[in-house]
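Turn these sequences into a full structure, and let the hints steer you where they fit.
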Amino acid sequence: MRTELKELWRFRELLFSMVEREIRIRYKNSFFGFFWSLLNPLVTIAVMTVVFKFILDNPMESFSSYILAAYLPYMFFQLAILDSAQSVIASLPVVKKVYFPREILPLASLISNFIHLLLALMVFFVYRLVLWAIFRGPAPFTSSILLLPIVLLIQLALTVGVGFIVSALNTFYEDVKYITAVVLYLLFFVCPIMYFSETVAAASIVKKYPWIYAAYHLNPIAMLCTAYRNVLVPSRPVYVKGAYVDPIPLDWGMLGFTGVLSLVVLVGGYAMFNRMKWRFVERP
Amino acid sequence: MSEVMISVQHLRKEFQLSHSGASSLKTMLLWWKKRSIEQFVALEDVSFEVRRGESVALVGRNGAGKSTLLSLMARVYKPTSGTVTVNARVAPLLELGAGFHPDLTGLENILFNGVILGLTRAQVRERTPDIIAFAELEHHIDAPVRTYSSGMLARLGFSIAVHVDAEILVVDEVLAVGDFAFEQKCYSRLEEFRAEGGTIFSVSHNPAAVKRVAERCIWLKRGVVIADGPVSEVLPRYQADQD
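Protein chains in written order, with this note's numbering: chain A, 37 to 320; chain B, -14 to 228.
Check each hint, because a few of them may be wrong.
As the list claims (entries may be wrong) - In silico EDC-like pairs for lysine to aspartate or glutamate, Cα to Cα no more than 16 Å straight-line: (1) B:LYS196 / B:ASP213; (2) B:LYS196 / B:GLU39; (3) B:LYS63 / A:GLU318; (4) A:LYS132 / B:ASP157; (5) B:LYS196 / B:GLU176; (6) B:LYS206 / B:ASP30.
Claimed, not checked - Facing chain B, from chain A, some residues (calculated, C-beta under 10 Å): (7) PHE47; (8) MET54; (9) ARG57; (10) PRO129; (11) VAL130; (12) VAL134; (13) TRP314; (14) ARG315; (15) VAL317; (16) GLU318.
Everything labelled a hint here was simulated from the structure, so no lab data went into it. A virtual CB, placed ideally from N, CA and C, is assigned to each residue, including glycine.
Structure, rendered in structure tokens:
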């Protein structure tokens, strides 16, 4: 793995220009161009606010912010995995002609999507600041925001690891990307995105068997969604079943477990990719 | 003798032939039903050396293993056994548009291809005017390459390859496209490249092109080297071979 990493470093210029190319291509033929990257989260914020405030009639203050805090990172995970699944196959003509470390292809998809996540988070912060300035609500964020880099790094490690695995497998069996799409779609409902981890804790089955709450957070994506919500927005009582329940503080042990698991996925995924990458050009 | 640039020793390359075609989970899961994987030997005990300043042409019929050999030299394939050592930077002339992204402009593709071939982005930017001038694409360089004709793509590809300071140029039948004037320009650029001490490794079906570019010729037949020597000796034997 050391030699592979050295080789990757030697080709860093290629990685940079591939990321640049991915970002350019995405909105190449569109009128608004790069602004779509900012427009997407803006539109999402607008629709969510309308739905939660005026249709679901949720009494929690700036409820949509709490949804978005988990929704934006999940969207990154989903898009990055689906993009990287395609990355090697889409570049097969070049892969067959020139040598370069093949992991650059999924990495470029992952990094360009990560840049979009950072942009979306910036839009999110601006939105929070505007809310605070106009409606004089509570502080837009607390000191827990300082933990955001840690959560981002854990998610990046996990996403890159899964991206390696999916892109290597999809190069041989194109069914993998359809399976991945279905799994990601279902994962959206299994993770605390449209609801809270406090909702899970308050569920009657969890009240009966408390271990389910811990088991639920063994899913690294679920834990990351909870962690993002903990660091991005101030914790406040959550409206569940017609009453407010106290917020559950961030469980460091669980987050540590997710961090270790993500690192294992990253190293294991990279090793797997490296074992398979020489056969990409010879795939039957 | 000058230094060895390319060294190929007892090279063997096998491929797995699959007759079922589609690569899907189904074929993997149903492997017991239809196990039609065959070994196919593309290259068998190939050995040769190319020294600095030489120009070698590889000839052989379709399926003789020429492209496989080029891919092994480019490190795209791993040898089944034996070794390929290339002691210099190689610039492969990419197959028509292989390295180009259709939605990007010519300019953006120059940057991207230059980096793939081993330059830094600053170096590519420095050379971009020369590349555009050589390819004669001043008026189209800001258009997406999907609007280019095949001749324009070939010109751009050739121009990038000869501007990346490679010591070995791998030419895979690309000179057949482009018009007569550009072909002449390419030949004179190749001669210049050789005068500067560059090494050329080319693959061609066209005897006239082989005679013009190379002085040494390697004849490959069904994955085996039949002859290796001066063009004047090997080429007539290859042309006479009807089998």
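Inset, instruction - Using 10 Å as the Cβ threshold, decide whether ARG57 (chain A) counts as touching chain B. - result: Status holds, d = 6 Å.
Inset, instruction - Quickly compare the C-alpha distance for LYS63 (chain B) and GLU318 (chain A) to 16 Å and report which way the hint goes. - result: holds (10 Å)
Inset, instruction - Assess, step by step, whether the Cα of LYS206 (chain B) is no farther than 16 Å from the Cα of ASP30 (chain B), and give holds or violated. - result: holds (12 Å)
Inset, instruction - Against chain B, run the beta carbon of TRP314 (chain A) and see if the smallest gap drops under 10 Å. - result: holds (5 Å)
Legend entry - Interface hint outcome for VAL317 (chain A) [beta carbon to chain B under 10 Å]: Nearest chain B Cβ about 6 Å off; hint holds.
Legend entry - Holds or violated: LYS196 (chain B) to ASP213 (chain B), with C-alpha atoms at most 16 Å apart: holds (15 Å)
Inset, instruction - Below or equal to 16 Å on CA atoms is what counts here, so check LYS132 (chain A) against ASP157 (chain B). - result: With a Cα-Cα distance of about 13 Å, the restraint between LYS132 (chain A) and ASP157 (chain B) holds, given a limit of 16 Å.
Legend entry - Hint check, PRO129 (chain A) versus chain B [nearest Cβ-Cβ separation less than 10 Å]: holds (5 Å)
Legend entry - Interface hint for VAL130 (chain A), Cβ within 10 Å of any Cβ on chain B: For VAL130 (chain A), the interface hint holds, since the closest Cβ of chain B sits about 5 Å away, which is under 10 Å.
Inset, instruction - Would you check the hint for LYS196 (chain B) and GLU176 (chain B), treating anything up to 16 Å between C-alpha atoms as holding? - result: At roughly 13 Å apart (the allowed maximum being 16 Å), GLU176 (chain B) and LYS196 (chain B) satisfy the hint.
Inset, instruction - Double-check MET54 (chain A) for me: the hint is only fine if its C-beta lies closer than 10 Å to a C-beta in chain B. - result: holds (8 Å)
Inset, instruction - Starting from LYS196 (chain B), check that the Cα of GLU39 (chain B) is at most 16 Å away, please. - result: holds (14 Å)
In summary, the structure agrees with every hint in the numbered list given earlier.
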